[in-house]
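Novice: Full structure from sequences and hints, please.
Top line first, the protein sequences correspond to chains A and B. For the first sequence, counting from 1, position 71 maps to 70 in numbering that gives the first Met the number 0; every step adds exactly one. For the second sequence, counting from 1, position 273 maps to 272 in numbering that gives the first Met the number 0; every step adds exactly one.
Keep in mind the hints are simulated off the structure, nothing from the lab. Using N, Cα and C, we set each Cβ at its ideal position, and we do this for glycine too. Treat the hints with care, since some could be wrong.
Claimed, not checked - With a cut-off of at most 27 Å between alpha-carbon atoms, the simulated DSS-like pairs for lysine-lysine come out as follows: (1) Lys4(A) - Lys59(A); (2) Lys83(B) - Lys140(B); (3) Lys126(B) - Lys140(B); (4) Lys275(B) - Lys4(A); (5) Lys128(B) - Lys140(B); (6) Lys59(A) - Lys126(B).
What the hints assert, rightly or not - Some chain B residues flagged as far from chain A (calculated, every beta-carbon gap over 12 Å): (7) Gln13; (8) Val40; (9) Asp61; (10) Asp84; (11) Tyr119; (12) Ala131; (13) Arg148; (14) Leu165; (15) Ala370; (16) Ala385; (17) Gly390; (18) Arg405.
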Amino acid sequence: MAKKKTVEQMRFEEAFEELAALVGQLESGELPLEQSLALFERGQALAARCSQLLEQAELKLRQLVPDQSGGYSETDFEAEAE
Amino acid sequence: MLRAVSQLSIFGLQTTWSPSELNRHVRQLIESDYRLGDLWVAGEVSNLSHPASGHLYFSLRDAEAAVRCVMWRPEVARLPRMPKDGDAVETHGRLSVYEAGGQYQLYADLIRFAGEGELYREFLRLKVKLEAEGLFDPARKRPLPTWPRRIGLVTSPTGAALQDVLNVLRRRYPLLEVVLSPTSVQGEDAPLAIVEALRAVNATSHPDVILLVRGGGSMEDLWAFNTEEVVRAVVDSAAPVVTGIGHETDLILADFAADRRAPTPSAAAEVTTPDKAELVAEVIEVRHRLARAWEERSRTIRYLIAEQLAGLTLASPRARVANARQRVDGLAHRATAAIGHVLALQQAALSGLIQTLGAVGPETVLARGYAVVRRILDGAVVRSVAQVSAGDPLSVRVRDGSFGARVDER
Numbered sequence: 000m001a002k003k004k005t006v007e008q009m010r011f012e013e014a015f016e017e018l019a020a021l022v023g024q025l026e027s028g029e030l031p032l033e034q035s036l037a038l039f040e041r042g043q044a045l046a047a048r049c050s051q052l053l054e055q056a057e058l059k060l061r062q063l064v065p066d067q068s069g070g071y072s073e074t075d076f077e078a079e080a081e
Numbered sequence: 000m001l002r003a004v005s006q007l008s009i010f011g012l013q014t015t016w017s018p019s020e021l022n023r024h025v026r027q028l029i030e031s032d033y034r035l036g037d038l039w040v041a042g043e044v045s046n047l048s049h050p051a052s053g054h055l056y057f058s059l060r061d062a063e064a065a066v067r068c069v070m071w072r073p074e075v076a077r078l079p080r081m082p083k084d085g086d087a088v089e090t091h092g093r094l095s096v097y098e099a100g101g102q103y104q105l106y107a108d109l110i111r112f113a114g115e116g117e118l119y120r121e122f123l124r125l126k127v128k129l130e131a132e133g134l135f136d137p138a139r140k141r142p143l144p145t146w147p148r149r150i151g152l153v154t155s156p157t158g159a160a161l162q163d164v165l166n167v168l169r170r171r172y173p174l175l176e177v178v179l180s181p182t183s184v185q186g187e188d189a190p191l192a193i194v195e196a197l198r199a200v201n202a203t204s205h206p207d208v209i210l211l212v213r214g215g216g217s218m219e220d221l222w223a224f225n226t227e228e229v230v231r232a233v234v235d236s237a238a239p240v241v242t243g244i245g246h247e248t249d250l251i252l253a254d255f256a257a258d259r260r261a262p263t264p265s266a267a268a269e270v271t272t273p274d275k276a277e278l279v280a281e282v283i284e285v286r287h288r289l290a291r292a293w294e295e296r297s298r299t300i301r302y303l304i305a306e307q308l309a310g311l312t313l314a315s316p317r318a319r320v321a322n323a324r325q326r327v328d329g330l331a332h333r334a335t336a337a338i339g340h341v342l343a344l345q346q347a348a349l350s351g352l353i354q355t356l357g358a359v360g361p362e363t364v365l366a367r368g369y370a371v372v373r374r375i376l377d378g379a380v381v382r383s384v385a386q387v388s389a390g391d392p393l394s395v396r397v398r399d400g401s402f403g404a405r406v407d408e409r
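Specialist: Here it is in structure tokens:
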């Protein structure tokens with residue numbers, strides 16, 4: 000496929016957008032079998048990646064704190080649960 | 000009843016109107032102007048009356064003029080609080096004419112509170128000034144990112160707004176990274192603290208979008224967000240800013256300057272993020288489309304392969320058929336692994352075809368003029384000149400029988 004990144008390295012939106020484009024291509028029904036199969040298999044992998052990311056995602060929380068140089072730096076931040 | 004239509008005046012061919020006709024005509028004139036059907040009027044409340052009917056009657060006035068307003072009971076019931084004489088408000092509604100009294104008035108459906116007296120005058124002064132500079136121009140507003148990765152969150156580290164926003168973000172789009180840029184949001188030092196928090200998060204974290212939020216409070220509590228410094232900092236922010244300040248009915252200058260205004264902190268978090276529940280549903284839907292598209296495609300391909308194989312039987316000897324068979328088997332195998340029964344059917348169809356091919360093999364070839372040559376000695380099929388010497392006896396098989404022959408020379 001055109002993309003260099005493996006599916007496992009992809010961010011959600013990358014996988015999601017490629018998946019949408021790929022389904023459209025497959026639905027056009029104009030590709031030879033080998034390519035169609037490759038698209039189908041990649042689509043399966045992309046969809047699995049999307050589901051996995053959504054299920055496992057956890058909001059990352061950072062907080063800005065002033066540092067010695069007069070600027071700011073980020074540190075982890077624990078928000079007390081509601 | 001008096002009807003004055005078509006009475007000719009003694010001064011010329013002019014129609015004389017009845018009050019009903021005139022008022023109806025004026026009402027229609029006013030109602031035909033779409034700008035008057037959906038408008039905001041800002042002013043100070045006066046002559047407020049709230050009789051037993053539940054309707055609300057009042058005027059909106061500035062230094063020189065006043066406009067009559069009426070708000071019907073259902074809308075009055077939805078007001079967060081009752082206005083009183085002297086309140087500075089913005090009122091939304093449509094303009095029309097009360098025909099019985101010959102009076103035009105604003106039929107109000109929404110009231111926003113902008114504070115009282117001094118504060119409100121300051122609010123209006125700033126609003127006019129900053130508006131004239133073009134800071135509230137809709138053309139300045141930037142689109143929000145479709146897939147935000149980092150969100151800068153400028154708010155009080157101890158406020159309820161922070162928890163509200165984090166709860167919404169966790170539920171809707173937990174793929175995010177959130178950077179809190181803490182600031183005070185009320186009091187004398189708040190405006191400068193907000194300006195610095197906006198600047199710091201832009202410079203340090205380069206977020207895709209910034210949420211500037213604060214929970215509800217009195218107009219005085221929210222005042223920092225009406226200051227010129229904060230409005231300018233919102234306009235100057237490198238990342239687009241979404242505001243969610245106070246409640247739905249509060250009027251805030253920072254809202255006018257924001258790239259997107261939301262009525263509350265939670266709503267600001269919502270407009271900034273895609274919804275996980277929708278995304279999950281979409282992924283499931285796309286999976287189904289994928290399976291359907293593949294099923295369609297493999298059905299078509301099955302016919303094409305069958306046709307190609309039929310072509311191969313005619314044109315080519317066994318080796319190529321076997322080769323094709325291997326390819327087809329390979330594909331059929333992968334495909335079966337990928338999608339169960341449809342491909343199993345396809346495979347069955349293909350192996351049927353290939354068996355047929357085997358059965359018709361040699362006869363078809365002989366019929367087209369090829370011959371099979373064997374050594375009489377051991378019956379071996381002659382595939383190479385190296386297999387024979389001069390004088391060897393041979394048997395030659397053609398389509399309709401065999402005959403003997405002898406090797407002449409090599």
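Novice: Decide, hint by hint, whether the structure agrees.
Specialist: The hints, checked one at a time:
1. At roughly 24 Å between alpha-carbon atoms, lysine 4(A) and lysine 59(A) fall within 27 Å of each other, so this suggested pair holds.
2. A threshold of 27 Å between alpha carbons decides the hint, and for lysine 83(B) with lysine 140(B) the separation of about 35 Å lies outside it, so the pair is violated.
3. Simply put, lysine 126(B) and lysine 140(B) have alpha-carbon atoms about 17 Å apart, close enough for the 27 Å limit, and the pair holds.
4. Restraint check: the Cα-Cα separation between lysine 275(B) and lysine 4(A) comes to about 24 Å, which is no more than 27 Å; the hinted pair holds.
5. Restraint check for lysine 128(B) and lysine 140(B): the C-alpha separation of about 19 Å stays at or below 27 Å, so the hint holds.
6. Taking the CA atoms of lysine 59(A) and lysine 126(B), the gap is about 38 Å. The hint is violated against a cut of 27 Å.
7. Taking the minimum C-beta to C-beta distance to chain A, about 68 Å, the non-interface status of glutamine 13(B) holds against the 12 Å cut.
8. Chain A leaves valine 40(B) outside its interface by the beta-carbon criterion, the shortest separation being 41 Å against a cut-off of 12 Å.
9. Once the 12 Å rule is applied to beta carbons, aspartate 61(B) is consistent with being away from chain A; the minimum gap is 44 Å.
10. For aspartate 84(B), the shortest C-beta to C-beta distance to chain A comes to about 41 Å, beyond the 12 Å cut-off, and the non-interface label holds.
11. Its beta-carbon lying about 34 Å from the closest one in chain A, tyrosine 119(B) satisfies the requirement of being farther than 12 Å from that chain.
12. At roughly 34 Å, the least C-beta separation between alanine 131(B) and chain A is larger than 12 Å, which holds for a residue marked as non-interface.
13. With 12 Å as the threshold on Cβ separation, the claim that arginine 148(B) sits away from chain A is violated: the shortest Cβ distance comes to roughly 8 Å.
14. At roughly 6 Å from the closest C-beta of chain A, the C-beta of leucine 165(B) falls inside 12 Å, breaking its exclusion from the interface.
15. Distance check for alanine 370(B) against chain A: the nearest CB is about 38 Å away, which clears 12 Å, and the non-interface claim stands.
16. With a minimum CB-CB distance of about 41 Å to chain A, alanine 385(B) clears the 12 Å threshold, and the non-interface call stands.
17. At the 12 Å boundary, the C-beta of glycine 390(B) stays outside the reach of chain A, the nearest C-beta of that chain being 54 Å off.
18. With 12 Å as the threshold on Cβ separation, the claim that arginine 405(B) sits away from chain A holds: the shortest Cβ distance comes to roughly 52 Å.
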